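Quick mapping for you: the protein sequence lines, in order, are chains A and B.
Under the numbering used here, read the first sequence as residues 1 to 418, first letter to last.
Under the numbering used here, read the second sequence as residues 1 to 309, first letter to last.
No lab work stands behind these hints, which were simulated from the structure alone.
Owing to the predicted nature of the structure, the values given are computational and were not obtained by experimental measurement.
Fair warning: there could be bad hints in the mix.
To be verified - Computed list of lysine-lysine pairs in DSS-like fashion (alpha-carbon distance at most 30 Å, straight line):
1. B:K151 / A:K169
2. A:K232 / B:K212
3. A:K232 / B:K131
4. A:K171 / B:K131
5. A:K234 / B:K151
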Amino acid sequence: MTKKVKLALLAATMLASSGAAMAQDTTLTIESWRNDDLTIWQDKLIPAFEAAHPGIKVKFNPTAPTEYNAVLNSKLEAGSAGDLITCRPFDASLSLYEKGYLSAVQDLEGMKNFSDVAKSGWSTDDGSATFCVPMASVIHGFIYNADALAELGVEPPKTNEEFFAALDKIKEEGTYVPMAMGTNDQWEAATMGYQNVGPNYWKGEEGRNALIKGEQKLTDDAWVEPFRQLAKWKDYLGDGFEAQTYPDSQNLFTLGRAAIFPAGSWEISVFNEQADFKMGAFAPPVQNAGDECYISDHVDIAMGMNANGKNLEAAKTFLNWVGSAEFATLYANALPGFFSLSSHDVKMEDPLAQEFVSWRGTCKSTIRSTYQILSRGTPNLENETWNASANVIKGTETPEAAAERLQKGLASWYDPQK
Amino acid sequence: MAVEQTTKPPIRWHIAVFLAPAVLVYTAVMILPLFSTLQLSLFSDINNSQVFVGLGNFRTLFGDPRWAEQFWNALGNNVWFFVIHMLVQNPIGILLAAILSSPRLRMRAFYRTAIFIPTILSFVIAGFAWKLILSPLWGVAPNLLDLVGLKSLFQPWLGKEAYALTTLALISVWQFVGIPMMLIYAALLSIPDELLEAAECDGITGMAQFWKIKLPLVLPAIGIISILTFVGNFNAFDLIYSTQGALAGPDFSTDILGTFMYRTFFGFQLQLGDPNLGAAIATAMFVIILIGVSIYLFGIQRRLRRYQF
Numbered sequence: 001m002t003k004k005v006k007l008a009l010l011a012a013t014m015l016a017s018s019g020a021a022m023a024q025d026t027t028l029t030i031e032s033w034r035n036d037d038l039t040i041w042q043d044k045l046i047p048a049f050e051a052a053h054p055g056i057k058v059k060f061n062p063t064a065p066t067e068y069n070a071v072l073n074s075k076l077e078a079g080s081a082g083d084l085i086t087c088r089p090f091d092a093s094l095s096l097y098e099k100g101y102l103s104a105v106q107d108l109e110g111m112k113n114f115s116d117v118a119k120s121g122w123s124t125d126d127g128s129a130t131f132c133v134p135m136a137s138v139i140h141g142f143i144y145n146a147d148a149l150a151e152l153g154v155e156p157p158k159t160n161e162e163f164f165a166a167l168d169k170i171k172e173e174g175t176y177v178p179m180a181m182g183t184n185d186q187w188e189a190a191t192m193g194y195q196n197v198g199p200n201y202w203k204g205e206e207g208r209n210a211l212i213k214g215e216q217k218l219t220d221d222a223w224v225e226p227f228r229q230l231a232k233w234k235d236y237l238g239d240g241f242e243a244q245t246y247p248d249s250q251n252l253f254t255l256g257r258a259a260i261f262p263a264g265s266w267e268i269s270v271f272n273e274q275a276d277f278k279m280g281a282f283a284p285p286v287q288n289a290g291d292e293c294y295i296s297d298h299v300d301i302a303m304g305m306n307a308n309g310k311n312l313e314a315a316k317t318f319l320n321w322v323g324s325a326e327f328a329t330l331y332a333n334a335l336p337g338f339f340s341l342s343s344h345d346v347k348m349e350d351p352l353a354q355e356f357v358s359w360r361g362t363c364k365s366t367i368r369s370t371y372q373i374l375s376r377g378t379p380n381l382e383n384e385t386w387n388a389s390a391n392v393i394k395g396t397e398t399p400e401a402a403a404e405r406l407q408k409g410l411a412s413w414y415d416p417q418k
Numbered sequence: 001m002a003v004e005q006t007t008k009p010p011i012r013w014h015i016a017v018f019l020a021p022a023v024l025v026y027t028a029v030m031i032l033p034l035f036s037t038l039q040l041s042l043f044s045d046i047n048n049s050q051v052f053v054g055l056g057n058f059r060t061l062f063g064d065p066r067w068a069e070q071f072w073n074a075l076g077n078n079v080w081f082f083v084i085h086m087l088v089q090n091p092i093g094i095l096l097a098a099i100l101s102s103p104r105l106r107m108r109a110f111y112r113t114a115i116f117i118p119t120i121l122s123f124v125i126a127g128f129a130w131k132l133i134l135s136p137l138w139g140v141a142p143n144l145l146d147l148v149g150l151k152s153l154f155q156p157w158l159g160k161e162a163y164a165l166t167t168l169a170l171i172s173v174w175q176f177v178g179i180p181m182m183l184i185y186a187a188l189l190s191i192p193d194e195l196l197e198a199a200e201c202d203g204i205t206g207m208a209q210f211w212k213i214k215l216p217l218v219l220p221a222i223g224i225i226s227i228l229t230f231v232g233n234f235n236a237f238d239l240i241y242s243t244q245g246a247l248a249g250p251d252f253s254t255d256i257l258g259t260f261m262y263r264t265f266f267g268f269q270l271q272l273g274d275p276n277l278g279a280a281i282a283t284a285m286f287v288i289i290l291i292g293v294s295i296y297l298f299g300i301q302r303r304l305r306r307y308q309f
């Protein structure tokens, strides 16, 4: 008797809930680590999509960047993840695809608008399958306080010599901290230090591919020299930079107390909001005037769909839209500093963003050297590089010793480097 | 029915009923996860499926020089973290309790509350507050030192390998010194006055009274505090994570078992998580704590002399 009642109740609730779901619009949930972008998604991107696609509602559901990977993995395992997944580049997403959590998307209409390089961050090693639609890349360089440099009569440097001459002059004058960076959080030292100035020495893609093939070693001069440059930075950082965090550095710069900020282009929107002085940017300095220049133009963010999601059709519609010219323009302008990877001709309004993206025309682009394939094993090359770069800047490890240690770690699991 | 009840002693169902909620909840949230962690550490992820590898994860952890180095580094740091607590937190706790129990002290309730309050703060609040206080850019510490002309003594304490761990241990001491203080204060209050009067009649007063009468009487409480400190320190994670992040900088000098386990289990940045190896570390932590607690229970607690009043 009671069993029957229970069954009936159960059936009733299931019918009721499925009935309700059918009457509603389809709702897509986006998983993301970009909690900074919440308002942009809610006010600009989602309304634009919903206006064009009635019947589909979209919810942006971000987590803190440092927790994203762990949270996403647990949600996918538990089957509670959203329909759309913001993809980290390379192995983090590749492993999700291999575990069957992400669907292949290479056949989508919107994917036609992306080059192979743009897709490289989210494709299998042989390039046969792509599992996320590329959204944006970030470019490294140096942002400077234009008012401060003008006041001191310092020109934005082009070569290494000019770069250190400029830093010396700012330091001598004493009003400004020459460069805003700390080593407390470690990643800035690697990302905005090593990966920023490095491509000029290892010649971008040429060196990066040679490293993957095992033709070059991290102990070669081209890979040690960036560390030697970093070792010189120590004298130009603020007092107690060892305990200075990333937000500390950002504030130091936007409050106008520092002259130069080793940056990624993602800083642009934050700095535009907070700094009330004129800003400019210069590309990582080359060794000699007239040398070919290389920049880190790193594939950073993409979007894929949850293979076990309930609304696959709607998710496909959304991903096609992510590949469209409309999305590229909206996104690049809402978030200056995140540059579209698509082949659409995207017009950007922000002068600082234009400066960054103009380097694509004059310099050769590459991606961060440690991201593709080389960070697959233990010890993890990227995480080791954070630690090594921070040590080199603090002066607790020599550039040669740091390179030696990285090479040894890489060779311990990566066959081409053995 | 009634006849049966009079002949047999009734089964005392109420005991089971009253125990059930606690037993069920404790089993669900503590015992099952503990055993599934132990089980997880015996498996490994090979081609996306869980394969039984016996003690393979432990061989990696202790045999592979890279993992072993990190493990021993974390364990060493953890021991230092514990040593600082034992050397600083507990003596200060005892001292504060002794001062608080002095009958001549005024505003006792205020001091007691003020010293205890940090204990109820969240780790994250304590961590961030101290990080700001010690910040070389906006911190209070460099400015205060400057006021008395000692700016040259200031160091970015949280950023130097030599000081970071000790600084963090002292922050933790600041936060938790209220607990030993309260426990020992309570123990001191429970010493009967007759005993102290008898001591006075025998000419034992002042400091001598503390060393010869009071301290031996509160030793069991100090033992309990030591073991609580031990378990707390070897399970610590929050303070380091909230101030230094999962990489426990600078250069892993503040890496303790908790952060090492977190990094391995959940992964960090490009390093993917390895739940199996993480579980192996968690198991090692469990064993270390188990050994420590056993040494205390069987080696020390039995030898402590207790006094009946």
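Query - 30 Å Cα cutoff - pair K232 (chain A), K131 (chain B) - result: holds (27 Å)
Query raised in the report: Does K171 (chain A) pair with K131 (chain B) here, judged by a C-alpha cut-off of 30 Å?
Result: This hinted pair holds, its Cα atoms lying about 27 Å apart.
Query raised in the report: Regarding the pair K232 (chain A) and K212 (chain B), is the alpha-carbon distance no greater than 30 Å?
Result: Roughly 61 Å between the alpha carbons, so the hint for K232 (chain A) and K212 (chain B) is violated.
Query raised in the report: For the pair supplied as a hint, K151 (chain B) and K169 (chain A), is the alpha-carbon distance within the 30 Å limit?
Result: holds (26 Å)
Query raised in the report: Is K234 (chain A) within 30 Å of K151 (chain B), Cα to Cα?
Result: holds (20 Å)
In summary, the structure is inconsistent with hint 2 from the numbered list given earlier, while agreeing with all the others.
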